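Enquirer: Use these hints to put chain B onto chain A, whose structure you have.
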Amino acid sequence: MNFQHTEDRRMLADTLNRFVTEQYRFDTRDRIARSVQGFSSDLWNRFAELGVIGALFDEADGGFGGGGFDIAVVFESLGRGLVVEPFLDTLIVGRAIALSGNDAQRATLGALIDGSRIVALAHGEPDSHYELSRVTTRAQRSGDMWQLNGAKAVVQHGEHASHFLVSARTAGADDAQEGVTLFLVPRDAKGVGVRGYRKIDGGRAAEVTFDNVTLGGDALLGAAGVGFATLEYAIGCGVLALCAEALGAMDVAKDHTLDYLRTRKQFGVPIGSFQALQHRMADLLLEIEQARSAVINAAAALGAERRVRERALSAAKYSIGRIGTRVAEECIQLHGGIGMTWELPLAHYAKRLVMIDHQLGDEDHHLERFVALGAA
Amino acid sequence: MARTGPLSAHSDTEQPAMDLNFTPEEEAFRADVLAFLRDRLPQRLADKVHGGRRLTRDDMAEWHAILNAQGWLANHWPKEYGGPDWNSVQKFIFENECALAGAPRVVPFGVNMLGPVLIKYGSEAQKRHWLPRILDGSDWWCQGYSEPGAGSDLASVKTSAVRGIDAQGEHYIVNGQKTWTTLGHYANMIFCLVRTATDVRKQEGISFLLIDMNTPGVEVRPIITLDGEHEVNEVFFTDVRVPTANLVGEENKGWTYAKYLLTYERTNIAGVGFSVAAFNCLRNIAAKQRRNGKPLAQDPAFAARMARVEIDLENMKTTNLRVIAAVAGGGVPGAESSMLKIRGTEIRQEISSLTRRAMGQYAQPFVEEALHDGFEGTPVGPDEAASAASLYFNNRKLSIFGGSNEIQKNIISKMILGL
Numbered sequence: 045m046n047f048q049h050t051e052d053r054r055m056l057a058d059t060l061n062r063f064v065t066e067q068y069r070f071d072t073r074d075r076i077a078r079s080v081q082g083f084s085s086d087l088w089n090r091f092a093e094l095g096v097i098g099a100l101f102d103e104a105d106g107g108f109g110g111g112g113f114d115i116a117v118v119f120e121s122l123g124r125g126l127v128v129e130p131f132l133d134t135l136i137v138g139r140a141i142a143l144s145g146n147d148a149q150r151a152t153l154g155a156l157i158d159g160s161r162i163v164a165l166a167h168g169e170p171d172s173h174y175e176l177s178r179v180t181t182r183a184q185r186s187g188d189m190w191q192l193n194g195a196k197a198v199v200q201h202g203e204h205a206s207h208f209l210v211s212a213r214t215a216g217a218d219d220a221q222e223g224v225t226l227f228l229v230p231r232d233a234k235g236v237g238v239r240g241y242r243k244i245d246g247g248r249a250a251e252v253t254f255d256n257v258t259l260g261g262d263a264l265l266g267a268a269g270v271g272f273a274t275l276e277y278a279i280g281c282g283v284l285a286l287c288a289e290a291l292g293a294m295d296v297a298k299d300h301t302l303d304y305l306r307t308r309k310q311f312g313v314p315i316g317s318f319q320a321l322q323h324r325m326a327d328l329l330l331e332i333e334q335a336r337s338a339v340i341n342a343a344a345a346l347g348a349e350r351r352v353r354e355r356a357l358s359a360a361k362y363s364i365g366r367i368g369t370r371v372a373e374e375c376i377q378l379h380g381g382i383g384m385t386w387e388l389p390l391a392h393y394a395k396r397l398v399m400i401d402h403q404l405g406d407e408d409h410h411l412e413r414f415v416a417l418g419a420a
Numbered sequence: 358m359a360r361t362g363p364l365s366a367h368s369d370t371e372q373p374a375m376d377l378n379f380t381p382e383e384e385a386f387r388a389d390v391l392a393f394l395r396d397r398l399p400q401r402l403a404d405k406v407h408g409g410r411r412l413t414r415d416d417m418a419e420w421h422a423i424l425n426a427q428g429w430l431a432n433h434w435p436k437e438y439g440g441p442d443w444n445s446v447q448k449f450i451f452e453n454e455c456a457l458a459g460a461p462r463v464v465p466f467g468v469n470m471l472g473p474v475l476i477k478y479g480s481e482a483q484k485r486h487w488l489p490r491i492l493d494g495s496d497w498w499c500q501g502y503s504e505p506g507a508g509s510d511l512a513s514v515k516t517s518a519v520r521g522i523d524a525q526g527e528h529y530i531v532n533g534q535k536t537w538t539t540l541g542h543y544a545n546m547i548f549c550l551v552r553t554a555t556d557v558r559k560q561e562g563i564s565f566l567l568i569d570m571n572t573p574g575v576e577v578r579p580i581i582t583l584d585g586e587h588e589v590n591e592v593f594f595t596d597v598r599v600p601t602a603n604l605v606g607e608e609n610k611g612w613t614y615a616k617y618l619l620t621y622e623r624t625n626i627a628g629v630g631f632s633v634a635a636f637n638c639l640r641n642i643a644a645k646q647r648r649n650g651k652p653l654a655q656d657p658a659f660a661a662r663m664a665r666v667e668i669d670l671e672n673m674k675t676t677n678l679r680v681i682a683a684v685a686g687g688g689v690p691g692a693e694s695s696m697l698k699i700r701g702t703e704i705r706q707e708i709s710s711l712t713r714r715a716m717g718q719y720a721q722p723f724v725e726e727a728l729h730d731g732f733e734g735t736p737v738g739p740d741e742a743a744s745a746a747s748l749y750f751n752n753r754k755l756s757i758f759g760g761s762n763e764i765q766k767n768i769i770s771k772m773i774l775g776l
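If you read the sequences in order, they're chains A and B.
The numbering of the first sequence is the working numbering, which starts it at 45 and goes up by one.
The numbering of the second sequence is the working numbering, which starts it at 358 and goes up by one.
Each statement offered as a hint is correct.
Taking CB as the label site, the calculated pair distances span:
1) A:186 with B:640: 50 to 58 Å
2) B:395 with A:318: 47 to 55 Å
3) A:103 with B:395: 38 to 46 Å
4) B:737 with A:408: 34 to 42 Å
5) B:526 with A:317: 44 to 52 Å
6) B:428 with A:103: 48 to 56 Å
7) A:314 with B:582: 35 to 43 Å
8) B:442 with A:352: 31 to 39 Å
9) B:598 with A:309: 52 to 60 Å
10) B:640 with A:318: 36 to 44 Å
11) B:775 with A:262: 56 to 64 Å
These are computed hints drawn from the structure, not numbers from a lab.
Just so it is clear, the structure is predicted and the values come from calculations on it, not from any experiment.
Built from N, CA and C at the ideal position, the CB exists for glycine as well.
Just chain A, same shape as in the assembly:
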């Protein structure tokens, strides 16, 4: 039993935390998050130069990390700074390519890791509501070619990705795990439609449509019809990343709120001297420590067999969803009126925490999934 990170990971966290604190201050972040592009190419390149993306991948894939705790350490730091650059989708798409890509596809990993190629997961659909196997975007084979038709919802940084990882149905019922096929689709392919918009917690996303998009066999990631396992694994990496990101954001939200309780005076005393507020804060602390344990459990399980891994991931995402939302709501309430303002960084941490519950499955989705995986 050991709850200390390796020297390497502690160094990674220290370096990244310092970089985020110095280079990704709140005013910078706010400007980036509201910008037309929705992220900063300059900072993205500097993160890549620092090696942050490489830490998310195995040595065999051109990185120098890739373990569950590497992902957790990186995203916890990113969460502390509310970083909006496209780390999450780079992780998910990159891990899918690393797991199932052919040599040509794997050769693109270097460009993901050095930041020069931006990719996005185009999986969720307008009616899928987090359900992992519900895929109605269709791909039909004609000879050596495939024709892609369908719509994908809330693709992160969809306007700026050069390639999408698209899940499409090539066989089976709309919600069957069998018959899901993965494609790597260039954004500039004919028939790809992208409608971008801002997100409430900063940055941008897009609705992406495929209208008779014609793809060659080289666009297939893995074999036809058996993409679900790859998708589940890659999204699992993303779930862990979101959980760790939320943990970093929660720690900062807690610290800001504690500062406020110590300094804000009403009735002639700091409001932190009131027991009603102290007990709410003690509850938050306790919940955040439980969330930290959930992230540790999920990171430790990332390399385990499927059922153990997915159960730990769903347990963590459920915990983070429930606790993150509670931390967000309580921190706003404990700040009172000022907590409602755009100018207060805390408000943005609160928005991010609540929105994390809307990515890759919310609290209810993962609780149900945890039950189903236990019964299987």
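Expert: Just chain B, lined up with the frame of chain A:
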């Protein structure tokens, strides 16, 4: 490829990584504990504990004797006083495996509470006299802390001890009342917080006194709890004569010793082992009970309730291990144990609540005799029905005793949050 960037400059030497598994040495220790429990824990006792039936004084004494013969009874004591010299991880493993196996709980008052206080603050004569008697069961200790007017505000104890001298020597005369005295009706000795000074700050006028319950003037009256059980008592003191040799440490320093006792050993305060055992039991029940023609475990509403507590418990296991790892060097967990206490007891209460719910209408019958030895009647409803509701009501105590969960939140606010 892209092996650039300062972060990629990592060392090539093997580094210990985060690892939730026990080490091979810890696993070997666990195997020893399991072998011991398999060989020495009487099946009759395990059945009673798993079945939620009530243990007698003899049951508890029997288990103490078995542990003592193994040298594992006082597992928090240093070796020189008869302890096994375990570290906090070993204690955690032992306590968890005992709970999972259905071992009776060690009665904590002598072994886990008074023992460490005597070892740290007692005189040589007190250690030589009292410690061996705790181990061999010569004395059964109970705790005289709470009073009717001193619950959460423990430092306001009023039971008075007035120093005097007579033909038999120096002594205190004790008058007052203690309450919530767990298993006081089995005890022959009680350690008490008594007031020896009134003209000082309330914490500075308290002394720690050992009182023989067979002394004239001591009276024990039962308190029957809402589940019908006789577990706690009131203890009255009327002009009770206590030799000054029974004062622990210095007069008026008792509050220091009292606090030490309360924080000394809290590796098991979360009761993770009890929760896992209770959850396993709940899982079995939910597989057998039916709703809408299906096992309760497949009922979406009930399955969701179970999953919530199961996830909370999985997180708690890791939280508990994190605290233990942090003190593995031999330290004592501080305010972190308040977090373990709050959430640990909430989880235990939720599991007993679900077990009660799982019984459906059969939570209602109160067949008290089915909870005692020698019941040969036909159970009403499912086997577990007799104890489900009474255990649920009994477990409401968890968030009240040992410093209520609200007091624990005060401690967290002050010690961790700095509010």
